[in-house]
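Colleague: Spelled out from the first residue to the last, the chains are:
Number of protein chains: 2
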Amino acid sequence: MIGVGLLGLGTVGTGIVEILEDRKKELEELLGEPVVIRKILVLNKKKPRKLNTDRYVITTDFKDLINDKDIQIILEATGDQDRAYGYLKEALIGGKHVVSANKALVSKHLEELSLLAEEKGLAFLYEASVAGGIPVLKALKDQLRLNRINKIGGIVNGTCNFILTRMGDEGLDYSQALKEAQEIGYAELDPRDDVEGLDSLRKLRILASLALQTRVGEEDILLEGIEGISKLDLELANKLGRRFKLIATARRVGVGFEAQVMPSLLKKESQLSGVCGAYNMVELTGDKIGSLSFYGLGAGGLPTANAALSDLLDIAVGSYSSKSPLGQEALTNLGGKLEASFYLRINKYNCELEQAFKPIIEELLFSGTQLVVLTKKLPLKEIYYQLESQSISKNDYFLARLEA
Amino acid sequence: MIGVGLLGLGTVGTGIVEILEDRKKELEELLGEPVVIRKILVLNKKKPRKLNTDRYVITTDFKDLINDKDIQIILEATGDQDRAYGYLKEALIGGKHVVSANKALVSKHLEELSLLAEEKGLAFLYEASVAGGIPVLKALKDQLRLNRINKIGGIVNGTCNFILTRMGDEGLDYSQALKEAQEIGYAELDPRDDVEGLDSLRKLRILASLALQTRVGEEDILLEGIEGISKLDLELANKLGRRFKLIATARRVGVGFEAQVMPSLLKKESQLSGVCGAYNMVELTGDKIGSLSFYGLGAGGLPTANAALSDLLDIAVGSYSSKSPLGQEALTNLGGKLEASFYLRINKYNCELEQAFKPIIEELLFSGTQLVVLTKKLPLKEIYYQLESQSISKNDYFLARLEA
Numbered sequence: 246m247i248g249v250g251l252l253g254l255g256t257v258g259t260g261i262v263e264i265l266e267d268r269k270k271e272l273e274e275l276l277g278e279p280v281v282i283r284k285i286l287v288l289n290k291k292k293p294r295k296l297n298t299d300r301y302v303i304t305t306d307f308k309d310l311i312n313d314k315d316i317q318i319i320l321e322a323t324g325d326q327d328r329a330y331g332y333l334k335e336a337l338i339g340g341k342h343v344v345s346a347n348k349a350l351v352s353k354h355l356e357e358l359s360l361l362a363e364e365k366g367l368a369f370l371y372e373a374s375v376a377g378g379i380p381v382l383k384a385l386k387d388q389l390r391l392n393r394i395n396k397i398g399g400i401v402n403g404t405c406n407f408i409l410t411r412m413g414d415e416g417l418d419y420s421q422a423l424k425e426a427q428e429i430g431y432a433e434l435d436p437r438d439d440v441e442g443l444d445s446l447r448k449l450r451i452l453a454s455l456a457l458q459t460r461v462g463e464e465d466i467l468l469e470g471i472e473g474i475s476k477l478d479l480e481l482a483n484k485l486g487r488r489f490k491l492i493a494t495a496r497r498v499g500v501g502f503e504a505q506v507m508p509s510l511l512k513k514e515s516q517l518s519g520v521c522g523a524y525n526m527v528e529l530t531g532d533k534i535g536s537l538s539f540y541g542l543g544a545g546g547l548p549t550a551n552a553a554l555s556d557l558l559d560i561a562v563g564s565y566s567s568k569s570p571l572g573q574e575a576l577t578n579l580g581g582k583l584e585a586s587f588y589l590r591i592n593k594y595n596c597e598l599e600q601a602f603k604p605i606i607e608e609l610l611f612s613g614t615q616l617v618v619l620t621k622k623l624p625l626k627e628i629y630y631q632l633e634s635q636s637i638s639k640n641d642y643f644l645a646r647l648e649a
Numbered sequence: 246m247i248g249v250g251l252l253g254l255g256t257v258g259t260g261i262v263e264i265l266e267d268r269k270k271e272l273e274e275l276l277g278e279p280v281v282i283r284k285i286l287v288l289n290k291k292k293p294r295k296l297n298t299d300r301y302v303i304t305t306d307f308k309d310l311i312n313d314k315d316i317q318i319i320l321e322a323t324g325d326q327d328r329a330y331g332y333l334k335e336a337l338i339g340g341k342h343v344v345s346a347n348k349a350l351v352s353k354h355l356e357e358l359s360l361l362a363e364e365k366g367l368a369f370l371y372e373a374s375v376a377g378g379i380p381v382l383k384a385l386k387d388q389l390r391l392n393r394i395n396k397i398g399g400i401v402n403g404t405c406n407f408i409l410t411r412m413g414d415e416g417l418d419y420s421q422a423l424k425e426a427q428e429i430g431y432a433e434l435d436p437r438d439d440v441e442g443l444d445s446l447r448k449l450r451i452l453a454s455l456a457l458q459t460r461v462g463e464e465d466i467l468l469e470g471i472e473g474i475s476k477l478d479l480e481l482a483n484k485l486g487r488r489f490k491l492i493a494t495a496r497r498v499g500v501g502f503e504a505q506v507m508p509s510l511l512k513k514e515s516q517l518s519g520v521c522g523a524y525n526m527v528e529l530t531g532d533k534i535g536s537l538s539f540y541g542l543g544a545g546g547l548p549t550a551n552a553a554l555s556d557l558l559d560i561a562v563g564s565y566s567s568k569s570p571l572g573q574e575a576l577t578n579l580g581g582k583l584e585a586s587f588y589l590r591i592n593k594y595n596c597e598l599e600q601a602f603k604p605i606i607e608e609l610l611f612s613g614t615q616l617v618v619l620t621k622k623l624p625l626k627e628i629y630y631q632l633e634s635q636s637i638s639k640n641d642y643f644l645a646r647l648e649a
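As you go down the protein sequences, you meet chains A and B in turn.
According to this note's numbering, the first sequence is numbered sequentially starting from 246.
According to this note's numbering, the second sequence is numbered sequentially starting from 246.
Worth flagging that the hints you see were computed from the coordinates, not collected in a lab.
Hints are not guaranteed to be accurate.
Since the list can't tell identical chains apart, any single copy or any two copies may satisfy a pair.
Once the Cα atoms are required to be at most 27 Å apart in a straight line, the calculated DSS-like pairs of lysine-lysine come out as [said to hold, decoys possible]:
no. : residue 1 : residue 2
1   : Lys292    : Lys513
2   : Lys568    : Lys270
3   : Lys593    : Lys622
4   : Lys603    : Lys484
5   : Lys365    : Lys386
Take the sequences, apply the hints, and build the full model.
Modeller: Below you can see the structure in the form of structure tokens.
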């Protein structure tokens, strides 16, 4: 028996139970023994569930799982950060493999949990934490055996992508598109983690740390969200033959790196520009493999559960490595120092303002009530410097990168 | 030591040697022992090579490899079908793992070699045989553990895609675009395997047999190539807001399946339509994972060698299964019986011809010197029947599927 302890019975946890029920026969055939969910940890036993839980042991006490000698693998699918972190640490110390779908947790404790798993000779896998159902982490680890990865990133937040797609296709304004995303269940009631880019940043932190084999912390990533975008931006993008996408990207530059989550103005012909709705796409570039992309559903119960169970099966058949996948390179963070062109909208206008920005303007797109420009090629930090010297605060501008 | 016997020193074989030299240190660290190319089999020892072969043992006799007890893995990178088949069979019988990049060979002997490897408890892996560097077979096998796959396919021939891209973007005619592909080295001097669709068909045969878990033989796949395409087709496609791509696709329909390699008229917004030049894209649809796509370089020495070496590393670390990945389903071939709409150009025109085809025409696109139509929804076999009854032979028409 492969004994599993499941943490959480939300969308992903429910998907895990459903898939294991649906594939019971095939998995027993594959593994020569059944996969059994021995216990499920929840916060509230009385909460009504979509799933019939009669045949499962439900508990609110993690001790019931840690003390169950027949549980070899802990599958974590909670949204919780602190408590779940304690559980995963305890699980590894107690000799149990860990699979997590929790990007906030994995991002925060990546180094510590990776090293702890290595020390204990156990698996710590988290495919489901990045880009939902897309099996990009396993592919990335495979490519790292033969390649130096020079670039990784893409569209890793389905909520933002849905909002931008609806604004672009239907001419909705930001608040309408956000409301629609909330109604469908793509966006949370408090959507800040998604629209301000924090969710993308956590996923990029994981992708970049693996890909570049250097520590890329959350604090190393430049962050701009989509919460300030307006109908005017979409109209101007359309005139330029481009589309806005929230892009998370990290790249190696000499002995340094640059990592950012930022709205980007992409050419309509580009692959990333064609990623619509709640889909995700992750691209990597290696020195042997060239450019390689993965495209699929970045969220949803079944796809995300599918990714977590893929990790579980790798553990069950023994095709995982307990060695930490993190590398020893010490690349310098060049964030903000590398040149690029930007799209900048400032929420106010007067002649002095235009005059002040003149030295960095390549093309004036709109002026009057607001100032919208494409900048010359320059370091991002110079833009921030200009904004600050004109006392323009975060709520008064919208900034995007102009992709070549 | 991981002892390797390499068959072939063409583009892919040379790439294999280059990558192993470049990653010597990292691989020894990963595996705890070096990967050593013990012997290389070539047809002609005297042929001048790009590679410095002084430090390798080169032979023209396969016996030198089969008798070398330190060779555990045979890496096959020849273009040969019959001789190489004998070698691989002998290798498996002799207890050596096999990795092949040879799609014609793998397609022809898929069942036999899979079962032989299973019987011997050895690996038979062929990631490099489908879509070059794109690691789609490993991902497909992973997804099969948890999913019923309902559809697989995409753009798997870079030569055709390059030709179609150049015709579409630059207005070249077919022979100009083909000549350019030959000059760059994308197309062979005898380009028939590529442009008539046989190369795509072989790759689809492999993908579909794994994905649908039923035997899909080369003879089960409906085949139309791009060799008959003309500038007029491209112009009409452009007017329809569509692009021609050579699409290889197989799908499950109830207890049957349909598999075809055929030019398709895709909407410009579709992901596949955006695949340009020598790139490939493979899509699969599973009942849990939804739609998942892989995009990258479908050919080239380093990407293809990278895929073959990925197989080799899975063998070296033991994360492979010797169990045949082929399934036991017995789906009926519904090829040609399912309804679709088609783009049909006939290379001649008279009123009687238009009259004869009238019952199946949905929209007349062009008439005069030729007859070009979009058909109503109907089974493909009905089109073939109509063509035959009007004595229109293969050289006198061009046929494509109109994608919804």
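Colleague: Each of the hints needs a verdict: does it hold here or not?
Modeller: Comparing the hints with the structure gives:
Proximity of Lys292 to Lys513 under the C-alpha cut-off of 27 Å is found in neither arrangement, the shortest distances being 46 Å within a copy and 47 Å between copies. Within a single copy, Lys568 and Lys270 get their C-alpha atoms only as close as 32 Å, which misses the 27 Å cut-off; across copies the closest is 17 Å, which meets it. In this homomeric assembly, Lys593 and Lys622 come within 27 Å of each other (Cα to Cα) only inside a single copy, at 23 Å, whereas the closest approach across copies is 56 Å. Taking the shortest Cα distances, Lys603 and Lys484 sit within 27 Å of each other inside one copy (22 Å), while across copies they are farther apart (43 Å).
For the homomeric pair Lys365 and Lys386, the shortest alpha-carbon distance inside one copy (20 Å) is at most 27 Å, but the shortest distance between copies (29 Å) is not.
Violated hints amount to a single one, hint 1; each of the other numbered hints is respected by the structure.
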